[in-house]
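Once you've looked at the hints, dock chains B, C and D against the given chain A.
Chain by chain, the residues run as shown.
Protein chains: 4
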Amino acid sequence: MANPTPAKKSDSAIEIYHLLLSCPNRPGIIARVAGHIFEHGFNIADSRQFDEEDSDQFFMRVEFNPVREDADIEEWKASFAELADDYHMKWRVRAQSQRCKVLILVSKFDHCLADLLYRWRIGELPIDIVGVASNYPRETFRHLDFTGIPFHYLPVTRETKMEQEAQIWALVQQSHAELLVLARYMQILSDGLAAKLSGRCINIHHSFLPGFKGAKPYHQAHARGVKVIGASAHYVTAELDEGPIIEQDVERISHHHRPNDLVSKGRDIERRVLARAVRYHVENRVVINGRKTIVFTE
Amino acid sequence: MANPTPAKKSDSAIEIYHLLLSCPNRPGIIARVAGHIFEHGFNIADSRQFDEEDSDQFFMRVEFNPVREDADIEEWKASFAELADDYHMKWRVRAQSQRCKVLILVSKFDHCLADLLYRWRIGELPIDIVGVASNYPRETFRHLDFTGIPFHYLPVTRETKMEQEAQIWALVQQSHAELLVLARYMQILSDGLAAKLSGRCINIHHSFLPGFKGAKPYHQAHARGVKVIGASAHYVTAELDEGPIIEQDVERISHHHRPNDLVSKGRDIERRVLARAVRYHVENRVVINGRKTIVFTE
Amino acid sequence: MANPTPAKKSDSAIEIYHLLLSCPNRPGIIARVAGHIFEHGFNIADSRQFDEEDSDQFFMRVEFNPVREDADIEEWKASFAELADDYHMKWRVRAQSQRCKVLILVSKFDHCLADLLYRWRIGELPIDIVGVASNYPRETFRHLDFTGIPFHYLPVTRETKMEQEAQIWALVQQSHAELLVLARYMQILSDGLAAKLSGRCINIHHSFLPGFKGAKPYHQAHARGVKVIGASAHYVTAELDEGPIIEQDVERISHHHRPNDLVSKGRDIERRVLARAVRYHVENRVVINGRKTIVFTE
Amino acid sequence: MANPTPAKKSDSAIEIYHLLLSCPNRPGIIARVAGHIFEHGFNIADSRQFDEEDSDQFFMRVEFNPVREDADIEEWKASFAELADDYHMKWRVRAQSQRCKVLILVSKFDHCLADLLYRWRIGELPIDIVGVASNYPRETFRHLDFTGIPFHYLPVTRETKMEQEAQIWALVQQSHAELLVLARYMQILSDGLAAKLSGRCINIHHSFLPGFKGAKPYHQAHARGVKVIGASAHYVTAELDEGPIIEQDVERISHHHRPNDLVSKGRDIERRVLARAVRYHVENRVVINGRKTIVFTE
Chain A
22 MANPTPAKKS DSAIEIYHLL LSCPNRPGII ARVAGHIFEH GFNIADSRQF DEEDSDQFFM
82 RVEFNPVRED ADIEEWKASF AELADDYHMK WRVRAQSQRC KVLILVSKFD HCLADLLYRW
142 RIGELPIDIV GVASNYPRET FRHLDFTGIP FHYLPVTRET KMEQEAQIWA LVQQSHAELL
202 VLARYMQILS DGLAAKLSGR CINIHHSFLP GFKGAKPYHQ AHARGVKVIG ASAHYVTAEL
262 DEGPIIEQDV ERISHHHRPN DLVSKGRDIE RRVLARAVRY HVENRVVING RKTIVFTE
Chain B
22 MANPTPAKKS DSAIEIYHLL LSCPNRPGII ARVAGHIFEH GFNIADSRQF DEEDSDQFFM
82 RVEFNPVRED ADIEEWKASF AELADDYHMK WRVRAQSQRC KVLILVSKFD HCLADLLYRW
142 RIGELPIDIV GVASNYPRET FRHLDFTGIP FHYLPVTRET KMEQEAQIWA LVQQSHAELL
202 VLARYMQILS DGLAAKLSGR CINIHHSFLP GFKGAKPYHQ AHARGVKVIG ASAHYVTAEL
262 DEGPIIEQDV ERISHHHRPN DLVSKGRDIE RRVLARAVRY HVENRVVING RKTIVFTE
Chain C
22 MANPTPAKKS DSAIEIYHLL LSCPNRPGII ARVAGHIFEH GFNIADSRQF DEEDSDQFFM
82 RVEFNPVRED ADIEEWKASF AELADDYHMK WRVRAQSQRC KVLILVSKFD HCLADLLYRW
142 RIGELPIDIV GVASNYPRET FRHLDFTGIP FHYLPVTRET KMEQEAQIWA LVQQSHAELL
202 VLARYMQILS DGLAAKLSGR CINIHHSFLP GFKGAKPYHQ AHARGVKVIG ASAHYVTAEL
262 DEGPIIEQDV ERISHHHRPN DLVSKGRDIE RRVLARAVRY HVENRVVING RKTIVFTE
Chain D
22 MANPTPAKKS DSAIEIYHLL LSCPNRPGII ARVAGHIFEH GFNIADSRQF DEEDSDQFFM
82 RVEFNPVRED ADIEEWKASF AELADDYHMK WRVRAQSQRC KVLILVSKFD HCLADLLYRW
142 RIGELPIDIV GVASNYPRET FRHLDFTGIP FHYLPVTRET KMEQEAQIWA LVQQSHAELL
202 VLARYMQILS DGLAAKLSGR CINIHHSFLP GFKGAKPYHQ AHARGVKVIG ASAHYVTAEL
262 DEGPIIEQDV ERISHHHRPN DLVSKGRDIE RRVLARAVRY HVENRVVING RKTIVFTE
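Residue numbers (the working numbering), protein chains in the order written: chain A, 22 to 319; chain B, 22 to 319; chain C, 22 to 319; chain D, 22 to 319.
Pulled out of the complex, with its shape left as it was, chain A reads as follows (with noise of 0.2 Å):
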């Protein structure tokens, strides 16, 4: 069985790294990171830069690409490190050819889980899908080519929860997944494992937060009698549909839609909504700022 080889976003030979970067805001941090990337022979491509008053917190984002013959990624990166040692940044930086390992869970609904398939054959989403787990058997996803995507089904029950999401987090170690999309995955997971997976756990709630939470969102909005409804990926915390939102989109609905109705016009913004977020986390656009996010979009 042949692994697919998705199309590349770019056929360039000349590699791009996407720096995100945070710390306690102060005068000239612009002028370093940039002057320390120019003088190991780098350009920037793209730059957005960004105070939050409130916490008085200094963020960025960078692409830049060698334009030197000495360029070394490696050499830049030790030398970064202590600069960023200075400031006292969170950083992180990564090459657009190395891709995000990604695990995606789901449950019985899969128009999210085959909407980011479809997305990741075709070479949109610049991730590597390590392996998709539910607590529905394979035949739950027939109609989907696994191909080249190990499967892993973890049935669940209240009694074997704990186990289960060993396994889950068995899993994410094995597969190196740094990032886990929960693609309507309707278990709730536990403190603990939230917290493991801290910044790194995207999940899809079918409804525009903070409107709706918990269960049932669609038939809370009809009942209400809300005229357009929406859907919001947010980064999974201990508190339920409390994480800070990465996207929301939303669509107009009118009386003659029925629940049901509102459940399939919510797939295609949940899909779109979903599919969104995890490009902007995997591509470095992302920063948790306490329970919200700064989202350098393009």
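Incorrect hints may appear among the rest.
Claimed, not checked - Dumping the calculated EDC-like pairs for lysine to aspartate or glutamate here, alpha-carbon to alpha-carbon at most 16 Å:
1. A:286 to C:149
2. D:111 to D:72
3. C:98 to C:84
4. C:286 to C:272
5. B:217 to B:199
6. D:286 to B:319
7. C:122 to C:199
8. C:286 to A:260
9. A:286 to C:270
10. D:286 to B:270
11. B:286 to D:72
12. A:313 to A:272
13. B:286 to D:319
14. C:286 to A:319
Unchecked claim - Derived DEER-like restraints, expressed as beta-carbon distance ranges:
15. C:157 to B:144: 43 to 51 Å
16. B:118 to D:160: 24 to 32 Å
17. D:279 to B:116: 14 to 22 Å
18. A:312 to B:176: 38 to 46 Å
19. C:279 to A:168: 24 to 32 Å
20. A:312 to B:260: 26 to 34 Å
As the list claims (entries may be wrong) - Away from chain D, derived, C-beta distances all over 12 Å, residues of chain A:
21. 49
22. 143
23. 245
Note that these hints are calculated values from the structure, not bench results. Note that the Cβ used here is the ideal one computed from N, Cα and C, for glycine as well.
Relative to chain A, chains B, C and D alone:
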């Protein structure tokens, strides 16, 4: 000082009537209603109908106009009242030329008021503004032209709230206002006044309900880190921000936006949402169905 | 290999019929149509009507279901045909359970195809896909599950275009396809074939028509520097990209987006616009009125 | 008669400067610019940068404020001019408190004018309106409060167009207007005047360009049967409706909407699109790049 003469939507001499009705569902209603209109010499120009399954209620909106010389709307009304009794209908009919009398309440922020005045003046909103009342003095709105519109300064304190509401109610009665619009009126109506105005008092709330009820919703939205903000126009009920929603709309925001930016963006959403809700109401497009609305939009 | 059994939208045993009709306007049509439906033992669950002033045409859509034991749709049809003659109506009626037979044509890009297949499989789109035909071989779509759907490889060159179109037409006839969907089929149909398929061939064009007709619309949009891009689903006519528009939608872009990014964003717009247009068509919601459409949406 | 004193966006005593620059791309620019700002005692509060690949141009926007006692903007400017020369930069810098002088041209329809006046009055738009000129008399705008704003009645016929444009140009010079806003001014500027105002004259066109150029775009849109209408704000160039687009927005329509309804819906789109474009311009967020724009939005 001359009274302004707003442009008419249509210069046609032919009158159009907007009929709105609801009743327990049973077969044959449309045939009866349509037949009745036809037999009395009128033509149906537009009709919409909706069966609400949960409550088994029937809702219908009809636009009709005379086509026979002997078509007489008063005669039609008398006759229709009998038919309506048979079906236990709630119904109302309004000639398009008979503009709805509207009283506007406003506090300090006048963007919705300015917008309603403008739309009224150019003839876009088929209403008669019979008065503007505020807990702020006339001077607050010194840049707005109130030519032809009585202004009422109704200051209020916690101690005088009951008396001030009595003044509002007196105004409603004296001006024969059919609709009261709370165009960013920052006082909460008492249950008693809300009850008197049931189904004919529209409020604009500056959040995407049910998220961020109560005070300072834009600050709440900023604190929660949502990616989209909105506004909601709803009928006022005794329960704060819980009345039937007529219209909602949203705009996308980013981490760059401070609470004041949200307030600014929100003004645009609020004024268009409120203007739409008022238009839907005065064109007989809205029926309240429990805590929800049926809105027959175009 | 088992045939997939898509979920039904409704498991209700009660059949619902979708009637769509148009005719020269004259008073009393609604009363006649509604009366006729009632007298034959049916109940109207939803109805919409529209008078087009420019052409003085009358358009109506009705959803109705049997409520009397003796209600017989065949009898109703025979009887309604006479009524329709009186009014010079064009009309069609379809049982909701009688799914529209659809043949899909596709070239290399399969995002619309994948999306239609998914919506069909989960029962969201009430259609029967009677075949997929492409000028690209089966291998192009190796990750798509065509279980139960015949695939037809119909290569084409400039010299063989006539023969290939004859094959398409033969397929339409053999499969009894009622609707042909060009899901990013990158060949222009000849005038002859377009004429044969008049009113039952839907194309998705990847621009917000009438802007950017013809080839490479996203590149045209990038060159012009627009701030919003879109897609348009329309009926195919002999005149390229000029057929009656059924549905359009848009997304906001910025200077950051390269033509390839627009292509990527466009995929999302195209697939949802095409899916909506197909649903509107198969639910008897669309009437062609000259070079425009009436679409009775929810 | 007192001059109105619009509220300030920020009451902070600290001045903020908006720098906008473009130049041929080469490595190290950001480091040089950021370093230069830092060394002169300023802090960068916000920065955005963009490399345009097709033209190999570099674009940058910086917001900065003094943090050292000796920070002097005039000194900074003189020094920066030399740096800018090295890089062949086009650049401009503006203090946030230094409001852009704007002259507004308008014809009969005053919805955009009324909206700009309102936003200016409440301090939302950081501009000084130095005049309103129209080919219609003051009486046309009798409900608008022009307190503190000179009004100029400049009637025009085909024969006097040259003279009238000379009057406009004289007004621009006498009022030191930096920006000319065509707020539904229904006269086409001559090539000569357009050339003089290159890059500082914004027009609102009432269609989603490039669709429906020229006269009566809403009637064109109605005739074509589009499902979404829009408006476009663009810089004026000699070629009609072909100037660089700054901002666009849209709204959904249906077959119910007559051309007059589109005109009405369009007013809402036009005023918000024009207001955004003006704000982007005066906040130094827009650079023209050939026939396109770079817009550094929030």
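Quiz prompt | Restraint check for residue 286 of chain B with residue 319 of chain D, where alpha carbons must lie at most 16 Å apart | solution = holds (12 Å)
Self-check item: Distance restraint between residue 98 of chain C and residue 84 of chain C, which requires alpha-carbon spacing of 16 Å or less
Solution: holds (14 Å)
Quiz item: residue 143 of chain A: least C-beta distance to chain D exceeds 12 Å?
Solution: holds (23 Å)
Quiz item: Do residue 312 of chain A and residue 176 of chain B keep their Cβ atoms within the hinted range of 38 to 46 Å?
Solution: Roughly 40 Å apart at Cβ, these two residues keep to the hinted range, so it holds.
Practice problem: Decide if the proposed pair is consistent with the structure: residue 111 of chain D and residue 72 of chain D, CA atoms, cutoff 16 Å inclusive. | Solution: At roughly 15 Å apart (the allowed maximum being 16 Å), residue 72 of chain D and residue 111 of chain D satisfy the hint.
Quiz item: If you draw a straight line from the CA of residue 286 of chain D to the CA of residue 319 of chain B, is it 16 Å or shorter?
Solution: holds (12 Å)
Quiz item: Is the hinted range of 14 to 22 Å satisfied by the C-beta distance from residue 279 of chain D to residue 116 of chain B?
Solution: holds (20 Å)
Quiz item: Regarding residue 157 of chain C and residue 144 of chain B, is the given constraint of 43 to 51 Å on their beta-carbon distance met?
Solution: violated (57 Å)
Quiz prompt | Proposed proximity, residue 272 of chain A with residue 313 of chain A (alpha carbon, max 16 Å) | solution = It is violated: about 23 Å lies between the C-alpha atoms, which goes past 16 Å.
Quiz item: When you check the alpha-carbon spacing of residue 122 of chain C and residue 199 of chain C, does it fall within 16 Å?
Solution: holds (5 Å)
Exercise. Assess, step by step, whether the Cα of residue 286 of chain A is no farther than 16 Å from the Cα of residue 270 of chain C, and give holds or violated.
Key: holds (15 Å)
Quiz prompt | Hinted pair residue 286 of chain C and residue 319 of chain A, Cα distance within 16 Å | solution = holds (12 Å)
Violated hints, in rising order: 1, 8, 11, 12, 15 and 21; the structure is consistent with all others.
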